[in-house]
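Let's have the full structure, built from the sequences with the hints guiding it.
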Amino acid sequence: VRQLSSVSLHGTRIRLDFASDRPGDVPRSRRNARRRPPGCRTVFVGRLPEVDKQMVVEKFAEFGRIQEVRWGHDGRFCHIDYVDETSVDGAVALNNVVWEKSVLRVDFAVGGHVSFSRDLTSTFRGWSFDD
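The number in my numbering is simply the position in the sequence shown, starting from 1, with 1103 added.
Check the hints yourself; a few may be wrong.
[Unchecked claim] Using 25 Å as the maximum straight-line C-alpha spacing, the simulated SDA-like pairs for lysine to any residue come out as follows: (1) K1162 with F1147; (2) K1162 with V1206; (3) K1162 with V1186; (4) K1162 with R1179; (5) K1162 with I1117; (6) K1204 with V1160; (7) K1204 with A1164; (8) K1162 with R1173; (9) K1162 with L1207; (10) K1162 with R1139; (11) K1156 with F1180; (12) K1162 with C1143.
[To be verified] Ranges of calculated distance between the beta carbons of each label pair, as one might list FRET restraints: (13) P1140 with G1178: 23 to 29 Å; (14) V1200 with R1118: 29 to 35 Å; (15) G1193 with L1112: 42 to 48 Å; (16) G1114 with A1164: 40 to 46 Å; (17) V1110 with V1172: 30 to 36 Å; (18) P1140 with I1169: 42 to 48 Å.
Derived from the structure by calculation, the hints contain no laboratory data. Glycine included, C-beta positions come from ideal geometry on N, C-alpha and C.
Take a look at the structure:
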């Protein structure tokens, strides 16, 4: 840092200095160090690089048998359902790992798989969807 603190870039002198942690900051290595919620068999995988489903399955199958992979609308995230609960612990260890020049975000998916196959009429009683 000291070597670069007086470097000039396009006529502008650069000043570099060490920054101290903000109060309450959690070190990066412990940010997602939380416990698996009871019954959780699903992980959220965000910040995906341009990969296909087969590549995701190959990467995450090392932690256990995968039941289903559900893609997000933009292809940059997915949810992976494992057959066994303990498989998600290994998958979450890939949080902040670089894959294909992208830093993955992997976390427990709380709430599980949501199905809208049931009748939602009573849930939205009084709402009008017609304009």
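If you draw a straight line from the CA of K1162 to the CA of I1117, is it 25 Å or shorter?
Roughly 41 Å between the alpha carbons, so the hint for K1162 and I1117 is violated.
Is it true that the C-beta distance of V1110 to V1172 lies inside 30 to 36 Å, as the hint says?
Violated - the Cβ-Cβ distance for V1110 and V1172, about 47 Å, lies outside 30 to 36 Å.
Given pair status - V1186, K1162, alpha carbons within 25 Å
16 Å, holds
Is it true that the CA of K1162 sits at most 25 Å from the CA of L1207?
12 Å, holds
Please work out if K1162 and R1179 have their alpha carbons no farther apart than 25 Å.
15 Å, holds
Is 42 to 48 Å a correct range for the gap between the Cβ atoms of G1193 and L1112?
44 Å, holds
Given the hint that K1204 pairs with A1164, test it: the Cα-Cα distance must not exceed 25 Å.
Holds, at roughly 21 Å.
Keeping to a limit of 25 Å between CA atoms, is the pair of K1204 and V1160 held or broken?
Cα-Cα ~18 Å, so holds.
Is the hinted pair K1162 and F1147 satisfied, with a Cα-Cα distance of at most 25 Å?
At roughly 14 Å apart (the allowed maximum being 25 Å), F1147 and K1162 satisfy the hint.
Within 25 Å, alpha carbon to alpha carbon, are K1156 and F1180?
With Cα atoms ~11 Å apart, K1156 and F1180 stay inside 25 Å; holds.
Measure nothing beyond the straight line between the CA atoms of K1162 and C1143; if it is 25 Å or shorter, mark the hint as holding.
Roughly 20 Å separates the two Cα atoms, so the pair holds.
Could you see if the CB distance from P1140 to G1178 stays within 23 to 29 Å?
26 Å, holds
Checked against the numbered hints listed earlier, the structure breaks hints 5, 16, 17, 18; every other hint is satisfied.
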